[in-house]
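Chains as they are written, first to last, in the numbering used here: chain L, 1 to 480; chain C, 1001 to 1617; chain U, 2001 to 2268.
Accuracy of the hints is not assured; some may be wrong.
[Said to hold, decoys possible] Here are some chain L residues pointing at chain U (derived, C-beta under 10 Å):
hint: 1; residue: Met177
hint: 2; residue: His179
hint: 3; residue: Ser214
hint: 4; residue: Asn216
hint: 5; residue: Arg231
hint: 6; residue: Pro235
hint: 7; residue: Leu244
hint: 8; residue: Thr246
hint: 9; residue: Asp342
hint: 10; residue: Tyr389
hint: 11; residue: Phe422
hint: 12; residue: Gly423
hint: 13; residue: Gly428
hint: 14; residue: Trp446
hint: 15; residue: Ser454
hint: 16; residue: Phe457
[What the hints assert, rightly or not] Keeping only pairs whose Cα atoms sit at most 30 Å apart, straight-line, the calculated DSS-like set for lysine-lysine is:
hint: 17; chain 1: C; residue 1: Lys1396; chain 2: U; residue 2: Lys2079
hint: 18; chain 1: C; residue 1: Lys1334; chain 2: U; residue 2: Lys2120
hint: 19; chain 1: C; residue 1: Lys1334; chain 2: U; residue 2: Lys2074
hint: 20; chain 1: U; residue 1: Lys2075; chain 2: U; residue 2: Lys2002
hint: 21; chain 1: U; residue 1: Lys2002; chain 2: C; residue 2: Lys1474
hint: 22; chain 1: U; residue 1: Lys2088; chain 2: C; residue 2: Lys1548
hint: 23; chain 1: C; residue 1: Lys1549; chain 2: U; residue 2: Lys2002
hint: 24; chain 1: U; residue 1: Lys2002; chain 2: U; residue 2: Lys2120
hint: 25; chain 1: C; residue 1: Lys1474; chain 2: C; residue 2: Lys1396
hint: 26; chain 1: U; residue 1: Lys2002; chain 2: U; residue 2: Lys2079
hint: 27; chain 1: L; residue 1: Lys119; chain 2: L; residue 2: Lys76
hint: 28; chain 1: U; residue 1: Lys2074; chain 2: C; residue 2: Lys1548
hint: 29; chain 1: L; residue 1: Lys438; chain 2: L; residue 2: Lys381
hint: 30; chain 1: L; residue 1: Lys80; chain 2: L; residue 2: Lys153
hint: 31; chain 1: U; residue 1: Lys2120; chain 2: U; residue 2: Lys2212
hint: 32; chain 1: L; residue 1: Lys62; chain 2: L; residue 2: Lys153
hint: 33; chain 1: C; residue 1: Lys1396; chain 2: U; residue 2: Lys2088
hint: 34; chain 1: U; residue 1: Lys2075; chain 2: C; residue 2: Lys1548
hint: 35; chain 1: C; residue 1: Lys1474; chain 2: C; residue 2: Lys1548
hint: 36; chain 1: U; residue 1: Lys2075; chain 2: C; residue 2: Lys1396
hint: 37; chain 1: C; residue 1: Lys1548; chain 2: U; residue 2: Lys2002
I should point out that these hints are in silico values taken from the structure, not numbers from a laboratory. Bear in mind the structure is a predicted one, so any value in this text is a computation, not a measurement. Yeah, the Cβ is synthetic: ideal placement off N, Cα and C, and Gly gets one too.
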Amino acid sequence: MSLTPSLNKLSWVGLLAVFAVTGCSNNDSSFVYSERTTSLMPEAQDGIPGEADDAPGVLGVKQLLDDRFGNPQNLKAWLKLPVDFGGTQASVSEIVTENDQFKVKLAVEEGVALPEAPKALEFITGECIGETIAVSGWDAETGEAVLASAPTKQPMAGDLCALDGGGVLRSGRVLYMRHCSHCHGASGDGHGPTAEYLNPRPRDYRHGVFKFTSTNDMSKVSRDDLARVLRYGIPGTYMPSFLLLTDDELHAIVEYVRFLSLRGEYERKLVNELAGDYSAKAAQSRVADGENRTEIVAELREFLAADLPDTATELGDELAEQWSVANTPEALIIPSVARVPDSPESRRRGRELYLSKTLNCADCHGVDGAGNGPQTIAFEKNPITNEMYNEPGLHDVWDNLNQPRNLQTGIYRGGRRPIDLFGRIHAGIKGSRMPSFKNTPHEEIWHIVNYVLSIPFESEPGATGVAAPVSAPVAAAVAP
Amino acid sequence: MATVSPAIGTHGHADDHSHGHHEQSFLSKYVFSTDHKVIGIQFLVTTMLMLMVGGALALAVRWQLAFPWGSMPIVGSLFGLFQNEGGQISPEFYTMLFTMHASVMIFLVIIPILAGAFGNFLIPLQIGADDMAFPILNMLSYWFMWPAMFCFAFSFVAGGATAGPGNGWTSYPLLSDLAQASPSSGNAQTWWLFGLTLVGVSSMMGSVNYMTTIINMRAPGMTLFRMPLTIWSMFITAILQSFALPVLTAAGFMLVFDRLSSLLPTDIHSVFFIPAGIVVNNAAPTVGGGQPLLWQHLFWFYSHPAVYIMLLPAMGMVSDMLACMCRKPVFGYKPMVYSMAAIAGLGFIVWGHHMFTSGMNPALGMTFMTSTMMIALPSAIKVFNWIGTIWDGNIKFNAVFLNCAAFVSLFVVGGLSGIFMAAVPVDIYFHDTYFIVAHFHYVLFGATLFGVFAAIQFWYPKMFGREMNDGVQKLHFALTFIGMNGTFFPMHLLGIAGMPRRYADPYLHGYLEHLLPMNQFMTISAIIMGFAQFLLLGNFAYSFFFGKKVGRNPWGANGLEWSAPSPPGHGNFDEPPVCYRGPYEYSSPEAEAMGQDFILQTSPPPAGFKKSSGHVH
Amino acid sequence: MKKFWALFFIFWPVVALYVCWIAPSRGWWFPSKPMSSLGHQIDGLFYLILFIVALTFIATQAVMGYALWRGATKKSTEKAMFSHGSHKLEIIWTIVPSFILVFISLTQLEVLANIRVISKFPDEARRAPIAEVMARQFEWRIRYPKPGTTLATEAQSGDLYYVNELHVPVSQPVMVNLRTQDVQHAFFSPKLRVKQDAVPGLIIPIWFEVEKAGEYELVCAELCGWGHYKMKARIVAGSEASVQKYMTDLEAAQNEDGVADAPAETEE
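Next comes chain L alone, as it looks inside the complex (with noise of 0.2 Å):
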């Protein structure tokens, strides 16, 4: 009998052990660091601990990115990010401080309006910045908010604030986890756990690039075209449609994905500043030259106290110009010309221009648009490591086989509208080997347009009626 206690208390201690071992669950999702990253020097990525007055404690690469962008749970904001956080942004005007009362009286923008009832304020410039503080009274008259507590240091007029900071970010990222992450990741690496099952794998924003935008080749993608995408989904792919969420939906996903991207490109240029000379690969390198590793890492010290900070916010300010310039129309692509109406002459000449020398389509997309161009089965070197890739073919730059598109079939992934394609002709797709044919008369564009969108009604493959020049040669065909 006395087996029965413990044979009972053998049970509870098994469901213990199994508790133990696989742990409660963390609700925390996290970003994750790039390969890039992880490839430093332990001390560039973590940074360098104080050890005395000349020897300052100095931030790594991964502190660097927490501190600008933070972690999924604890999104941070910074003032020239080109995203839209939601709130409301306004100045403070006059501080006023009675019966223990702490009042802040605030000023908007023209033309911005004072939301109803704010929750929380938020402090982004001057003395407080960071302080997160909420609003227990508002008149939304006077802009007249009355703090739940005092801020615990002295803000001042023209400190800058905002209420209700933060909105369409964090509702960005709740929809985002929802639809997003299980394909492009938590952190918009594109290696969600769904991904490695896609083909094509779904894109890595932290590159900051987009293959298909509106936008000339040298801008970055815009808001529209990231919306367009969203509703539209891009056939061909696994990218669905999500015509179905609402304006507001869509734009916090939009804002979340800048946000991801930036903050990928933004840790891709602060890692190529230290890459060349303190990768782990280099320090290797360095200390097997002869050099010293503890000298290294002073130096190393010395470049992330003094060079570093400068240059982080140097590249800032260059991405974000970048990313805002995008979204305005000076960016986007505009033909000269309206589209030439579609007939068989200009479809004619369209296949000219195709099979021409100078533009060469054929060459990738093959003599009869059936993307089996000679480049397919040709080995190409990676542009950036100078290395030969291990398939024939050609790449992206997310170093993914990227075929060139089979025109037959009446796909097309970036849209099927006319200027479309006339986009994809005149400013390439950023990020493949579909170049950039800005230089190429606009009514030419037009009738390769043209051109390309007969060729799935085509009775037969090159039925337009110029014949492929003889001596280019035609490769086995290849699937799309």
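Keeping the supplied structure of chain L fixed, place chains C and U upon it in accordance with the hints.
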């Protein structure tokens, strides 16, 4: 301590056993035993453990539906699978959860527990045989379960950490056919198919054994219409299994051959189910010529009889148990037999009711609808007969009876909801919604599983010589009943509301958003129900060591098994039994003449007793 | 204690019935009344079966509950009734349910034919399918014929394309050709009570008539992979004029060449 030790000296027969009385090794006595009782218990313990595995998968499904994209307990942090996402599972992981929940429950729990555990244990005992016709085949049928379980287990990780089999237990092509069609369609699907084939082999071995044993090895006097309904049900089930299963096995092979290029380094493969020109995941277009619908016909040709395989044995056992607990004969024994036969027979011609929206010829819709409606009839007859059995009985309200009463009561719900789905126009709305899920859980859980709970307790004394604690079983019953209804009854309403099955996030759709609180209620009920099963397991394990020892016939039942020792020794009976009457002569005048309300089938008629004529059968 | 259990089995069907009774008022019922002509027929059959099934449920559970109550209140000295059954009862409860079941079957046939048999589709719908709905992983790609032409099996130059939104005219029978680009899907519109599987290699026509202008959910009802739940789309039913206008706008948008009155190009 209860064992199945050979009761030396109580052997009634010594000549037809080649191994005689030599001491068997532990391995051949308890592990690779050919004794049907040991095999039955092996099946029982294995399937009860698999029940918990299947249940855990179901709880994960329910968690996702209650807290969509929340951090999933245990799974979310297991092996760092979803670390970056904070424990949020991926959509393909969800498809794995419901696929493996169904696969485990159907192939590794319900079918083996009914046929493998109870069929094995009871058939020789109830017909008065000393063992099955093919003891070695019987042993193999158990041991084939292990490679099958290994294949299913391996399939969880074969295709990638989060890409277990996820194409539904129905595994429709082209999703399951083309490796590129989903993360689960690669190696995971292949291993799943191997597991399926192996359980099929196991089942087939069993059914051949059962049919032969029942036909050939009945005790003298045990005519067909003196067999307990348990045996009838096992017999009919074995026939169903042997005729239907080969079709599934063939279909499984066809699917494996379609998928050959993902299994072997070859481009050659069949295209039974693959039409031409399909491009999935930007792979090369298919070269096909096949028909996806063919799989559905072949699959459901087996799987519809399969659902009766998963029901009939429980029906038979419940009849036995109800008669015993109500101390009266089964009402309408022959109609009960004929109904089971009708269910089985009709069961072969209704498979198309799973395919009403599939795009098959509408004329088939009409024929299948008619036959499906008709199959409700024998089921209804059985329900009425069970109620008739209970009527005016001297009822023992123990947990065995409660579980059997629940069987009847809940089977009514499952059967009636089937009528909606038999009607094609109505099924057009309900197909692939939660209404279907409600229906089959009521028949599989509400009916079969409660029947199994009753059977475990009822035959436990015979298996182990001890009884289970009735109080704990009653508590288990109450919690399970309440939890089960709390979980599955609202599913009827969810189906009417148009909530589709197999959705990881139904609340994405505006018209379903308001159903979240109900789903949370269902999840809580499911958790209660899930944890209540530990009561059963605990009671089972505890009683094995510390349960009150009982004699041969603690329930005062009539079957041949209750004349054997508890547990029966090698050879089962003290001497070869002779059967003198039917199995349900409770409270008969003959029994009264012996001063009891039961009379064993093996008891010779009391002296001087003359049987009255003209009983209604 | 015995009475407790008898009451337990009497109580639970009462709770179930109560839940079903209050269900419609709490939104645990059809998402709306049927919005299509076929939908009314389907609902009618549903309610007929519901009525019969409810009666059967109540009757069966009541009799069983009563049997349990009798058993619970029986004196322990009373013995059980010794009966092997009743031939008469068996006949009654075989014949009566048979009739009911056959009756239910017969009531379904007409509606089944209306929905499924192509020769019974309304002529105007059959002659001019309004769109090809191509399901794919994980969205609905719609192809309308070039305005002024009939929908062809193969894509034609000038066909109009959209995704996840199907426009149909209200109050007239329309037919769509359902196809799939990859694996099986199913076209399910709950409020319209329409459902049909999309099978690879087959083109399956579906017809329906929407009674009231508005937007109706379209979801997928056949497991098609991880994104099965994500295939959220809508059917927009409007007047003939509004549909024409939609097609005109769609055609214009599809021919957008970026050189319009304004540089912005995201108007749809």
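Right, here's what the structure says about each hint:
1. Met177: 14 Å, violated
2. His179: With a minimum Cβ separation of about 8 Å from chain U (threshold 10 Å), the hint on L:His179 holds.
3. Ser214: With a closest approach of 6 Å, the L:Ser214 hint holds.
4. Asn216: 12 Å, violated
5. Arg231: Because about 8 Å separates L:Arg231 from the closest Cβ in chain U, which is inside the 10 Å limit, the hint holds.
6. Pro235: At 7 Å from the nearest chain U Cβ, L:Pro235 passes the 10 Å test, so the hint holds.
7. Leu244: Result: holds, 5 Å to nearest chain U Cβ.
8. Thr246: With a closest approach of 12 Å, the L:Thr246 hint is violated.
9. Asp342: Cβ of L:Asp342 sits 9 Å from chain U, so the hint holds.
10. Tyr389: 29 Å, violated
11. Phe422: Hint holds; L:Phe422 Cβ to chain U Cβ min 6 Å, cut 10 Å.
12. Gly423: 8 Å, holds
13. Gly428: 16 Å, violated
14. Trp446: Holds - the Cβ of L:Trp446 comes within 10 Å of chain U, reaching about 8 Å at its closest.
15. Ser454: 7 Å, holds
16. Phe457: Since chain U brings a Cβ to about 5 Å from L:Phe457, closer than 10 Å, the hint holds.
17. C:Lys1396 / U:Lys2079: Answer holds: C:Lys1396 to U:Lys2079 is near 12 Å, not above 30 Å.
18. C:Lys1334 / U:Lys2120: Measuring from Cα to Cα gives roughly 46 Å; hence the hint is violated.
19. C:Lys1334 / U:Lys2074: 28 Å, holds
20. U:Lys2075 / U:Lys2002: It holds: about 12 Å lies between the C-alpha atoms, which stays within 30 Å.
21. U:Lys2002 / C:Lys1474: 12 Å, holds
22. U:Lys2088 / C:Lys1548: Judged against 30 Å, a Cα distance of about 45 Å means the pair is violated.
23. C:Lys1549 / U:Lys2002: Roughly 26 Å between the alpha carbons, so the hint for C:Lys1549 and U:Lys2002 holds.
24. U:Lys2002 / U:Lys2120: 59 Å, violated
25. C:Lys1474 / C:Lys1396: Holds. C:Lys1474 to C:Lys1396 sits at ~13 Å (cutoff 30 Å).
26. U:Lys2002 / U:Lys2079: Distance of about 17 Å is within 30 Å: holds.
27. L:Lys119 / L:Lys76: 18 Å, holds
28. U:Lys2074 / C:Lys1548: Holds: U:Lys2074 and C:Lys1548 sit about 29 Å apart, inside 30 Å.
29. L:Lys438 / L:Lys381: 24 Å, holds
30. L:Lys80 / L:Lys153: 23 Å, holds
31. U:Lys2120 / U:Lys2212: 23 Å, holds
32. L:Lys62 / L:Lys153: Measuring from Cα to Cα gives roughly 28 Å; hence the hint holds.
33. C:Lys1396 / U:Lys2088: With a Cα-Cα distance of about 28 Å, the restraint between C:Lys1396 and U:Lys2088 holds, given a limit of 30 Å.
34. U:Lys2075 / C:Lys1548: 28 Å, holds
35. C:Lys1474 / C:Lys1548: 17 Å, holds
36. U:Lys2075 / C:Lys1396: Holds - the C-alpha atoms of C:Lys1396 and U:Lys2075 are around 12 Å apart, at most 30 Å.
37. C:Lys1548 / U:Lys2002: This hinted pair holds, its Cα atoms lying about 23 Å apart.
Figure legend: structure checked against the earlier numbered hints; hints not met, in rising order: 1, 4, 8, 10, 13, 18, 22 and 24.
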